[in-house]
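Student: Taken in order, these protein sequences are the chains called P and R.
Taken in order, the first sequence gives residues 141 to 352; the numbers are from the working numbering.
Taken in order, the second sequence gives residues 0 to 171; the numbers are from the working numbering.
By construction, these hints were calculated from the structure, which means they are not laboratory data.
Among the hints, a few may not be true.
[Stated by the list, open to error] So these bits of chain R aren't anywhere near chain P, every CB distance computed over 12 Å:
hint: 1; residue: Glu1
hint: 2; residue: Pro2
hint: 3; residue: Tyr6
hint: 4; residue: Ser12
hint: 5; residue: Val26
hint: 6; residue: Leu64
hint: 7; residue: Val73
hint: 8; residue: Ala77
hint: 9; residue: Leu80
hint: 10; residue: Val96
hint: 11; residue: Val111
hint: 12; residue: Phe145
hint: 13; residue: Ala149
hint: 14; residue: Ile155
hint: 15; residue: Met158
[Stated by the list, open to error] Just the calculated beta-carbon pair ranges, DEER-fashion:
hint: 16; chain 1: P; residue 1: Val222; chain 2: R; residue 2: Leu113; range: 31 to 37 Å
hint: 17; chain 1: P; residue 1: Ser147; chain 2: R; residue 2: Pro11; range: 18 to 24 Å
hint: 18; chain 1: R; residue 1: Ala59; chain 2: P; residue 2: Arg326; range: 28 to 34 Å
hint: 19; chain 1: R; residue 1: Val102; chain 2: P; residue 2: Ala297; range: 29 to 35 Å
hint: 20; chain 1: R; residue 1: Asp131; chain 2: P; residue 2: Ser338; range: 29 to 35 Å
hint: 21; chain 1: R; residue 1: Arg19; chain 2: P; residue 2: Val222; range: 33 to 39 Å
All figures in this text were calculated on a predicted structure; none of them were measured in a lab.
Glycine included, each C-beta is placed from N, C-alpha and C at the ideal position.
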Amino acid sequence: MQEFLESIENSGFSSYLRETPSVLGYSTVLALHTFGMAFLVGLSGVIALRVLGIVPELPLKPLKKLMPIIIIGFWVNAVTGVILTTLAIRSLLANWDFYVKLAAIVVAIVALTKMRHAAFADPNVADDTPASADARRWAKLMLLSWFLAVLGGRLTAYATYIRIQSAAAVAVAAILLVLLANILVRRSRSTAAARRASLATAGSTRKLEARV
Amino acid sequence: MEPFLRYWMRWPSVEHLIYRYLWVWGVCQSLHFVGMALLIGTVGILDLRLLGMAKQFPVAAIKKLIPWGVFGFVLCLATGLLFITGIYANVNIHPYVVLKSDVFLQLKLFFVVLAGVNLLLFYVTGMSKAVDRLEAGEEAPPLAKFFAGASLFLWIAVMYFARLIPSGKFQP
Chain P
141 MQEFLESIEN
151 SGFSSYLRET
161 PSVLGYSTVL
171 ALHTFGMAFL
181 VGLSGVIALR
191 VLGIVPELPL
201 KPLKKLMPII
211 IIGFWVNAVT
221 GVILTTLAIR
231 SLLANWDFYV
241 KLAAIVVAIV
251 ALTKMRHAAF
261 ADPNVADDTP
271 ASADARRWAK
281 LMLLSWFLAV
291 LGGRLTAYAT
301 YIRIQSAAAV
311 AVAAILLVLL
321 ANILVRRSRS
331 TAAARRASLA
341 TAGSTRKLEA
351 RV
Chain R
0 MEPFLRYWMR
10 WPSVEHLIYR
20 YLWVWGVCQS
30 LHFVGMALLI
40 GTVGILDLRL
50 LGMAKQFPVA
60 AIKKLIPWGV
70 FGFVLCLATG
80 LLFITGIYAN
90 VNIHPYVVLK
100 SDVFLQLKLF
110 FVVLAGVNLL
120 LFYVTGMSKA
130 VDRLEAGEEA
140 PPLAKFFAGA
150 SLFLWIAVMY
160 FARLIPSGKF
170 QP
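Please put together the full structure from these sequences, using the hints given.
Tutor: The following block contains the structure:
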């Protein structure tokens, strides 16, 4: 097995890409990997923002038209990802962080597909209708998985203890962010409820005055 | 000018942070990528709409995404500044030397500035207000299409040259 992996890593194509001083080699493949990621994660992230109700003004149905660009982004990422893997396949396959990244990508793609089915299932739904609870759940899972995939991808180049420290730092930051978001959401809900209550009181007062 | 840049570009406090906490660099790199995906996702969708793709969107609705794009840009800017001011802790080269000799970093910054100028012109020429009125299915004016195409091209160029920065030649 090791010999097979070595032959892939030392093939003419891999050696050329790894060792050529031209910017059209390794750096360009890496850049294409980044373009794919930006369009795949960026555009699917925009759909998730609408599904989660963070940008409710955005009509839901036309977002489906972004899917072809998202799919192109995915395939650009997949092809360049395989090429980049062949350049250092032995060290990557011995790196647990690489498997975390791959698993996160698989979960993100499954969540994206499920979110798409749940959000765009009914073609007659009005554009300003909130997305279903099912679609929102998949959107949350997709965003989390994309973040893990990006983090895992960046950290593959680091030593294990740095990866563990990074994971701990991100976990602490995520817990703090979730707590902060909960406080903000509760506060905005209570403010909105208070505003609705005052509007209702003002309305009933006006009705009473009109009767008098 | 050189002493001024040499003084201001190297921040010992940032270097200390990177030396002391080894996770800072990797986590900031991840956040830089998250910011980039947000920026490209939001700006890209507006550019594509103006270019005639996904015309079913009223432009005013897409513009509601712009704060997220700005957030992505701020995330990139903050982490990018950390990379420049703290780079000595990572590669033992003064940031001024990197800026002066890495042609890809210079090109990246040049294209970021061009993207900023393009955005400024989009507002100054009145195109921003003109496209605000575009309802679903309506075609954008040719000048707005030009700005949208330029914006997509410039941000893709920024990403490309950013990826080439490590292969740039440093001459201490």
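Student: Compare the structure with each hint and give your call.
Tutor: Here is what the structure says about each hint:
1. Glu1: holds (28 Å)
2. Pro2: holds (32 Å)
3. Tyr6: For Tyr6/R, whose nearest Cβ neighbour in chain P is about 30 Å away, the distance exceeds 12 Å, so it holds.
4. Ser12: holds (18 Å)
5. Val26: Check fails; 5 Å does not lie beyond 12 Å.
6. Leu64: Its Cβ does come within 12 Å of chain P, the nearest being 6 Å, so this is violated.
7. Val73: Its Cβ never comes within 12 Å of chain P, the nearest being 16 Å, so this holds.
8. Ala77: Holds, because the least Cβ-Cβ distance between Ala77/R and chain P comes to about 14 Å, which exceeds 12 Å.
9. Leu80: The claim stands: Leu80/R keeps its Cβ more than 12 Å from every Cβ of chain P (closest is about 18 Å).
10. Val96: holds (20 Å)
11. Val111: Given a closest Cβ separation of 15 Å, the condition holds.
12. Phe145: holds (21 Å)
13. Ala149: Nearest chain P Cβ is 17 Å from Ala149/R, so the label holds.
14. Ile155: violated (6 Å)
15. Met158: violated (5 Å)
16. Val222/P - Leu113/R: 31 to 37 Å: Given a distance of about 33 Å, which is inside 31 to 37 Å, the answer is holds.
17. Ser147/P - Pro11/R: 18 to 24 Å: With a Cβ separation near 48 Å, Ser147/P and Pro11/R fall outside 18 to 24 Å, so the hint is violated.
18. Ala59/R - Arg326/P: 28 to 34 Å: Taking Cβ atoms as reference, Ala59/R and Arg326/P lie about 30 Å apart, which means the hint holds.
19. Val102/R - Ala297/P: 29 to 35 Å: With a Cβ separation near 23 Å, Val102/R and Ala297/P fall outside 29 to 35 Å, so the hint is violated.
20. Asp131/R - Ser338/P: 29 to 35 Å: holds (33 Å)
21. Arg19/R - Val222/P: 33 to 39 Å: At roughly 38 Å between Cβ atoms, Val222/P and Arg19/R fall inside 33 to 39 Å, so the hint holds.
Hint compliance for this structure: hints 5, 6, 14, 15, 17, 19 are not met, and every other hint is.
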